[in-house]
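Produce the entire structure from the sequences given, and follow the hints as far as they go.
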Amino acid sequence: MLRDSIRDFAENEIAPVALELDEKEEFSIELTRKMAEMGLFGIIVPEKYGGSGMDYLSYIIAVEEIARIDGSQGATVAAGNSLGIGPLYYYGNEKQKEEWLPRLCRGEILASFGLTEADAGSDAGASKTTARLEDGEWVVDGSKIFITNSSSKLSGICTVQAITGQRSDGKKEMSCILVPNGTPGFEAKKMTDKMMWRASDTGELFFEDCRVPEENLLGKRGEGFKQMLETLDNGRLAIAAMGLGGAQGAYEIALKYAREREQFGRAISTFQANGFKLADMATEIEAARTLLYKACSLKDAGKPFSKQAAMSKLFCSEVMGRVVDSAVQIMGGYGLMKEYKVERFFRDYKILTIGEGTSEIQRLVISRHIGCFDV
Amino acid sequence: MKIIVLLKRVPDTEAKILINQDGNGIREDGVKFIINTYDEYGIEEGLRLKEKVGGDSKVTAVCAGPEESTEVIRTALAMGVDDAVHICDPALAKPSPFTIAEVLAKAISEEGFDIIFCGKQGIDDDMAQTQSILAEKLDIPQVNNATVFELADDLSKAVLNRRIEGGDEKVEASLPVIISCEKGLNDPRYASLPGIMKAKKKEIRVKNLADLGFNEAPSSGRSRVLKWLPMPKGGECKMVEAEETVDAVKELARLLREEAKVV
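Read top to bottom, the protein sequences are chains A and B. Take 1 as the starting number for the first sequence in my numbering and just add one per residue. Take 1 as the starting number for the second sequence in my numbering and just add one per residue.
It is worth saying that the hints were derived from the structure and are not from the lab. Among the hints, erroneous ones may be present.
[Stated by the list, open to error] Part of the chain A face toward chain B, derived, beta carbon under 7 Å:
(1) Ser5
(2) Ile43
(3) Ser52
Note that beta-carbon positions come from the ideal geometry of N, C-alpha and C, so glycine has one too.
Right, dumping it as structure tokens:
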């Protein structure tokens, strides 16, 4: 029922406007509100904070179904839940949860996760943004880049990773500080001219002598790095769902086309060159789905899932890469035209092997898990 | 206000329908089932009426169908329906509209009702009879093919538009009334995620024929379905080709007159 309902919603509400929003590079507040009405924000948050109280697999299926139609809206939902709501729900104290979660779940506002910096991508530890405690206030200075859901009219709050001191072992002490949009000294600038997810909101954030109350610390001081790693583990499942959904969407378009398109007097799907391509696409998608759902079931069962999350993210995103490439190839010249949709999927795929840990970082995580470095 | 919405489990409009071996039903394997599309308009109208009237208004779904109907009933509950009655009995396999109307009438009378919404017809067998027989059994007025529904402020009567050939007919009906819904009445809402979770806790009262006081499936004995036949295969298609369109049209006219003998 969950999948059917979201599929209906995506086909009826998102599909008709996806092309235009992508073309105009427009983040649609109206569509985001509709997604919120569907309950797409706060899927795993308990009812008492305004969420739906569903398990992680349900959330992943929701993202998959949205991404099957449009990567941009999938990104808004995935980032809204995993990166926006996630840290507040998992690490916030009762007061912070009560203050922020209901509004986030209703979709009145969106939260963002400020991690990446211009000089700190894969090397997240190299970040330079600082927060110092002064007269009962955190004073945040620095900048963040490529932050989803951070710079639209709906953006309400950002969880900012900042250096809050030095640990006894000499390493940086990292903490997360909640900084509401609109706080003096916090400027969010929309980033434009993206290749992909053009209808999602991506911002560059600047903090200059930006002051928030001491109580805006998320969780304990010094736990920022751990919170970040856990948040990314969860986020990887959602990015994997984006890859899976995108692959499914592109595959369906290509299959339909191949069955209808005739060359040399017959449907091109009956040529082995295309039939085998489609068979490979279907097989890889099925394998990707099985892997991702297994990772989700481990998480839902409270078991370690970090390795499977990295594997899912790596595999699903790369499967989408192969699937969209084949889809465009099968559709030939039409595949290159915006009107035939796979062109958008072809562009949207590329972020998935880069965002929330590149494919290289995923392989590094997996190689650590399987013991490559325990020698 | 007590609002009843009727719903039927039917094959998805996009499902490929194949007749089973016995010729008395369809092959259900691999077929997705949904709420009858016209019933969805009824559900939506019922929910809107409840939201408008407020107070202790309640929307109850009533469905007669096989055990598997639970899934479509849950979907209605996820859309916002408060609770449901599921009439389920092996003796009701492949029922006639008369049989269904008879058991529905009993179940609805037990629930109590001010207004009943249903689809104008089932999109599976297209008989469009249940609503009328039900109105007769309950001895209440019926308005069919509704495209606009409004309730008078004093809740005493309904004012409706019903779709007729070439336009709409505006009618008034006293309550209680049964209204069958036509496309265009509203845009049915989606089952939201919180709705799906809430639906899990809502009550579905399952009743068999004995619970409703029947010894056997009621029947009018006046008509019965003998056999289901597959759609007749389309004839051969002949392409009329010519260099000039005007020659093709001449050739087509000749074929229609001399071969097909239709003009």
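Results for each hint:
For Ser5 (chain A), the suggested interface contact is upheld, since its CB lies about 4 Å from the closest CB of chain B, less than 7 Å. With 7 Å as the threshold, the beta carbon of Ile43 (chain A) comes within range of chain B, its nearest partner Cβ sitting at about 6 Å, so the hint holds. For Ser52 (chain A), the shortest C-beta to C-beta distance to chain B is roughly 4 Å, which falls under 7 Å, so the interface hint holds.
The structure fails none of the hints (numbered hints given earlier).
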